[in-house]
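Colleague: Each chain, letter by letter, is given below.
Number of protein chains: 2
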Amino acid sequence: MINGMMMHCNLNITSIMQYALALYSEQKIVTLKSDGVTTHEYTYKDAFDRVAQFANSLDRLLVSKDAKVGTIAWNTHQHFELHYAIPCSERIYHTINPKLPHEQLRQIIISAQDEVIVVEQDCLHIIESLYEHLKPFVKYFIVLGDIDKTLKSSLDFMFYEELIATESTNYDWPDIAEQSASGLCYTSGTTGVPKGVLYSHRSTVLHALTLSMPNVVGLDESSCIMPIVPLYHISAWGIPFNAVLCGAKIVWPNSFAGQIQKIYNLIQTQSVDVSMAVPTIWTALKNHLQENNITETTLKRAISGGSAASYSLIESLSHHGIALENAWGMTETSSLGACNRVKDLKNIPKKQVLKCGRPIFGMQMRLKDQHNELLPHNGISEGVLEIRGHNVAQSYSNIESNNGSKQLTNNIAEDKETWFDTGDIATIDMHGYMNITDRAKDMIKTGGEWVSSVEIENAMLSHPNVAEAAVIAANHSKWGERPLLILVAKPETQIAHIDIETYLTHKLHKWSIPSATVLIDEMPYTGTGKISKKTLREKYYNYFMESE
Amino acid sequence: MINGMMMHCNLNITSIMQYALALYSEQKIVTLKSDGVTTHEYTYKDAFDRVAQFANSLDRLLVSKDAKVGTIAWNTHQHFELHYAIPCSERIYHTINPKLPHEQLRQIIISAQDEVIVVEQDCLHIIESLYEHLKPFVKYFIVLGDIDKTLKSSLDFMFYEELIATESTNYDWPDIAEQSASGLCYTSGTTGVPKGVLYSHRSTVLHALTLSMPNVVGLDESSCIMPIVPLYHISAWGIPFNAVLCGAKIVWPNSFAGQIQKIYNLIQTQSVDVSMAVPTIWTALKNHLQENNITETTLKRAISGGSAASYSLIESLSHHGIALENAWGMTETSSLGACNRVKDLKNIPKKQVLKCGRPIFGMQMRLKDQHNELLPHNGISEGVLEIRGHNVAQSYSNIESNNGSKQLTNNIAEDKETWFDTGDIATIDMHGYMNITDRAKDMIKTGGEWVSSVEIENAMLSHPNVAEAAVIAANHSKWGERPLLILVAKPETQIAHIDIETYLTHKLHKWSIPSATVLIDEMPYTGTGKISKKTLREKYYNYFMESE
Numbered sequence: 001m002i003n004g005m006m007m008h009c010n011l012n013i014t015s016i017m018q019y020a021l022a023l024y025s026e027q028k029i030v031t032l033k034s035d036g037v038t039t040h041e042y043t044y045k046d047a048f049d050r051v052a053q054f055a056n057s058l059d060r061l062l063v064s065k066d067a068k069v070g071t072i073a074w075n076t077h078q079h080f081e082l083h084y085a086i087p088c089s090e091r092i093y094h095t096i097n098p099k100l101p102h103e104q105l106r107q108i109i110i111s112a113q114d115e116v117i118v119v120e121q122d123c124l125h126i127i128e129s130l131y132e133h134l135k136p137f138v139k140y141f142i143v144l145g146d147i148d149k150t151l152k153s154s155l156d157f158m159f160y161e162e163l164i165a166t167e168s169t170n171y172d173w174p175d176i177a178e179q180s181a182s183g184l185c186y187t188s189g190t191t192g193v194p195k196g197v198l199y200s201h202r203s204t205v206l207h208a209l210t211l212s213m214p215n216v217v218g219l220d221e222s223s224c225i226m227p228i229v230p231l232y233h234i235s236a237w238g239i240p241f242n243a244v245l246c247g248a249k250i251v252w253p254n255s256f257a258g259q260i261q262k263i264y265n266l267i268q269t270q271s272v273d274v275s276m277a278v279p280t281i282w283t284a285l286k287n288h289l290q291e292n293n294i295t296e297t298t299l300k301r302a303i304s305g306g307s308a309a310s311y312s313l314i315e316s317l318s319h320h321g322i323a324l325e326n327a328w329g330m331t332e333t334s335s336l337g338a339c340n341r342v343k344d345l346k347n348i349p350k351k352q353v354l355k356c357g358r359p360i361f362g363m364q365m366r367l368k369d370q371h372n373e374l375l376p377h378n379g380i381s382e383g384v385l386e387i388r389g390h391n392v393a394q395s396y397s398n399i400e401s402n403n404g405s406k407q408l409t410n411n412i413a414e415d416k417e418t419w420f421d422t423g424d425i426a427t428i429d430m431h432g433y434m435n436i437t438d439r440a441k442d443m444i445k446t447g448g449e450w451v452s453s454v455e456i457e458n459a460m461l462s463h464p465n466v467a468e469a470a471v472i473a474a475n476h477s478k479w480g481e482r483p484l485l486i487l488v489a490k491p492e493t494q495i496a497h498i499d500i501e502t503y504l505t506h507k508l509h510k511w512s513i514p515s516a517t518v519l520i521d522e523m524p525y526t527g528t529g530k531i532s533k534k535t536l537r538e539k540y541y542n543y544f545m546e547s548e
Numbered sequence: 001m002i003n004g005m006m007m008h009c010n011l012n013i014t015s016i017m018q019y020a021l022a023l024y025s026e027q028k029i030v031t032l033k034s035d036g037v038t039t040h041e042y043t044y045k046d047a048f049d050r051v052a053q054f055a056n057s058l059d060r061l062l063v064s065k066d067a068k069v070g071t072i073a074w075n076t077h078q079h080f081e082l083h084y085a086i087p088c089s090e091r092i093y094h095t096i097n098p099k100l101p102h103e104q105l106r107q108i109i110i111s112a113q114d115e116v117i118v119v120e121q122d123c124l125h126i127i128e129s130l131y132e133h134l135k136p137f138v139k140y141f142i143v144l145g146d147i148d149k150t151l152k153s154s155l156d157f158m159f160y161e162e163l164i165a166t167e168s169t170n171y172d173w174p175d176i177a178e179q180s181a182s183g184l185c186y187t188s189g190t191t192g193v194p195k196g197v198l199y200s201h202r203s204t205v206l207h208a209l210t211l212s213m214p215n216v217v218g219l220d221e222s223s224c225i226m227p228i229v230p231l232y233h234i235s236a237w238g239i240p241f242n243a244v245l246c247g248a249k250i251v252w253p254n255s256f257a258g259q260i261q262k263i264y265n266l267i268q269t270q271s272v273d274v275s276m277a278v279p280t281i282w283t284a285l286k287n288h289l290q291e292n293n294i295t296e297t298t299l300k301r302a303i304s305g306g307s308a309a310s311y312s313l314i315e316s317l318s319h320h321g322i323a324l325e326n327a328w329g330m331t332e333t334s335s336l337g338a339c340n341r342v343k344d345l346k347n348i349p350k351k352q353v354l355k356c357g358r359p360i361f362g363m364q365m366r367l368k369d370q371h372n373e374l375l376p377h378n379g380i381s382e383g384v385l386e387i388r389g390h391n392v393a394q395s396y397s398n399i400e401s402n403n404g405s406k407q408l409t410n411n412i413a414e415d416k417e418t419w420f421d422t423g424d425i426a427t428i429d430m431h432g433y434m435n436i437t438d439r440a441k442d443m444i445k446t447g448g449e450w451v452s453s454v455e456i457e458n459a460m461l462s463h464p465n466v467a468e469a470a471v472i473a474a475n476h477s478k479w480g481e482r483p484l485l486i487l488v489a490k491p492e493t494q495i496a497h498i499d500i501e502t503y504l505t506h507k508l509h510k511w512s513i514p515s516a517t518v519l520i521d522e523m524p525y526t527g528t529g530k531i532s533k534k535t536l537r538e539k540y541y542n543y544f545m546e547s548e
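Chains as they are written, first to last, in the working numbering: chain A, 1 to 548; chain B, 1 to 548.
Take every hint as true, because none was put in to throw you off.
Which copy is meant is left open, because identical chains are indistinguishable; a pair holds if it fits in one copy or across any two.
With a straight-line Cα cutoff of 35 Å, these simulated DSBU-like cross-link-like pairs (lysine-lysine) come out:
{"no.": "1", "residue 1": "Lys368", "residue 2": "Lys65"}
{"no.": "2", "residue 1": "Lys300", "residue 2": "Lys351"}
{"no.": "3", "residue 1": "Lys28", "residue 2": "Lys368"}
{"no.": "4", "residue 1": "Lys300", "residue 2": "Lys350"}
{"no.": "5", "residue 1": "Lys350", "residue 2": "Lys45"}
{"no.": "6", "residue 1": "Lys28", "residue 2": "Lys350"}
{"no.": "7", "residue 1": "Lys45", "residue 2": "Lys33"}
{"no.": "8", "residue 1": "Lys28", "residue 2": "Lys351"}
{"no.": "9", "residue 1": "Lys534", "residue 2": "Lys99"}
{"no.": "10", "residue 1": "Lys300", "residue 2": "Lys346"}
{"no.": "11", "residue 1": "Lys539", "residue 2": "Lys445"}
{"no.": "12", "residue 1": "Lys351", "residue 2": "Lys45"}
{"no.": "13", "residue 1": "Lys510", "residue 2": "Lys490"}
{"no.": "14", "residue 1": "Lys300", "residue 2": "Lys343"}
{"no.": "15", "residue 1": "Lys539", "residue 2": "Lys99"}
{"no.": "16", "residue 1": "Lys28", "residue 2": "Lys300"}
{"no.": "17", "residue 1": "Lys152", "residue 2": "Lys139"}
{"no.": "18", "residue 1": "Lys368", "residue 2": "Lys351"}
{"no.": "19", "residue 1": "Lys530", "residue 2": "Lys262"}
{"no.": "20", "residue 1": "Lys368", "residue 2": "Lys45"}
{"no.": "21", "residue 1": "Lys262", "residue 2": "Lys343"}
{"no.": "22", "residue 1": "Lys343", "residue 2": "Lys28"}
Just so you know, the hints here were simulated from the structure itself, not pulled from any lab data.
Please build the complete structure, drawing on both the sequences and the hints.
Modeller: The following block contains the structure:
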């Protein structure tokens, strides 16, 4: 084909910053300070002046181009600034989850070879404990928050605020090629070794653009968004880029995601109308509203990800004027890859409301059966979900040094027409609604029938005495595998296996009813806050064999 | 920089079609038939089945890859189908304005070397009259509309409907590289030789994506859009791509843009809520609503382009619940490049409502003075408007043959950091609102002062007896140039120069008041429907010299 004769302008993060400065320089960004009471407020213009200052700091410190700059930080304006200063000055931001186990943190930072680490004062101890491993490659430790001259550390560190204070607010932003790397985020999953996803400027800008469509997040300058989901979870689902592109007011709740009174106060005082978080937070908000007899808030849309929100939660929040919408994504999909925009809860079938949602533009989805054949999108056929798109990882990065050498790891096919195997079992209907019915490895084959562990878990979670539920396949002499139910009961309640059998009788197929129930005090969790099925399988896989 | 490790998926028109088929296959497309009364209705799925059929037809006819396929057609579902079938099968659609003068049509088609021409039955005479010029390169003439065996023509033609009827609705769509050419549209401007703008798949998809943002067009699947602006004007401002990307219902008014009763009927019967057209149409709609005492319609947003809508028109339509919004664009900007989204007319200063609007994402704007220095964006400084963006032409195409040879023409600088000189004089304010104050070449330098012809024209258009007004610079022995006013009066009204002087006294600077007025019966027009200042200048430039 001959080429068109239009300008080639790079889709880089710089272009989002410059667009927002041209249109929305006076828009506000508000951060709840670490005291949990007072707020820091400034404008986009102020923010991007400071972005230029930190970019100048990185240059003055001679931080390499292409260097990874690790961030261990909360949802604040400072962490937001890093999302622009680092990639727009030709470095790569690397968000690190401070809640990961020590060993994973060590693996991740060594894998990334961060040349700089920017860290909150209350996370400094993490870095101190890893220092012996990091000292070969980390050149600078930069501490966020206010300047506190009494702060003591075994590390040689600088204060972010001190560093940028004397820098110019001008920076001659380079026109970065769109395929250049901009950010790095590791996914731990349940399989062990952390895998790095290396986002590009192009993937980030296209994701931000796609999220701005009315059928996805659809912000404009009259919106006020508060990302409760942490910036270390795939940059709070890309909101630093999407919200700025759309000119929305942004509210950062710092490290207070878990303190629902503070979250509620921020919503009301800042007139937050859109927010995103995991279902746990929305459950807490629902309880808070109910306990305090609050009928309405400024919040109109709550986007839920990480795991599926239940219908009862969606329904409860709708009584407070809040549309709770399921969304789906992975580290490998630049976060949000599908969403279930519900405009009119009453007139949409319950079954549809509970689905993961429809793909964002640029995300293709298909289903494959065990023979690698494509399955129809009829809402019934279940198969392995494969995806493809400009916001989907091509391969994992495991960058050993700054010379650009890369190493591919497992899980992503490298054929001509690359598709990413999510490892999930899903259905897709004729209107594009995708629903995950199970993790491929969590499907249970019992007596020749497939049983969905997710289906049983969801059924159990509606039981009044159940706090948490997990179902695994356990080895069985007669049936091959049988579902084993593992429960945490609500405080001061009891639950017996015989009651569960009765409870599930009309809810599930006979063969889906677990053969046994194990009550435990606490679920094992992965570093990203998911129930560790791996741990449960290790412990209980031979439960039926041992009890014979 | 090292590269990110995300998938590269081509931003091609095929990806819009496939996305819409996955999500919105049942969405409706409605066309007013050529009888002006009945409608043709079908779904996206039906449309894209036919798109595949025509792509198969083009293959069967051995139409070259890269071939230009000219279209001389109205706003119908058939013309819509061509916007997908041609580019998605690796050819280039070339929309041709049937209302252009014969000589320009000849120039444009010879320049494009269309291998196929697809034409409405009532435009067939245009091609017949040009046949001697076209026969060296046009291989096929394909006629739109219903099959009419009584249709007579000197040409050897095929019916579109007959051609596709026997084809398969499956097509193995190639994954077209995003920089490939997809469409061609000529701009005549006022300068003579038509110049071709060759859009790419990438520029088209990015434009469609950007239009979908809430601060621009912002459609979703609950929207119903009727593009009244013709498809031969830059593909109806890109709506065939944007509306499908967003899953909106589309209504095509065929050739009836000028028949306001039919337009109104379509709005009401189809529940159209968004539409786009030139101010003339909106004035006609306003009159229709007033004359028939209609207080409200389903229409909520009317986007106005081509020239600026007046405040009185905006205000009048707001009383009927319609937000009339100015937009700005050129053939060289893939149509809409800026828009003025007005959410709350009462609380926005009149001056701001009348501005062209703010750039869409990806469009940068700057102002230069006569010394080539950048001017501040303060809403006051006036300078030449230069633009840059992925939907902006890099150069003009004048493709002499199918071997891919191209020839650049004037007007676009080819420096490292390419900017396109619009030839307009504009201001930009600190919130990004751009306003065109004049065409550079329509500025009048009189006695050392710059006078804006647009300012005088706008002042005159509010005069009750004035139907049309144009101001040109005319040669003057004393002042160098003086503004000369050329008027068409409203039927059965009169207007004298002395009245005009009085009328303008408190509206304009003394030196801006035209020195003379010429009353004419009819304005000369360019092929794209603009007043031909060039013709007026040729005729009246020496008006003052001759009258001395």
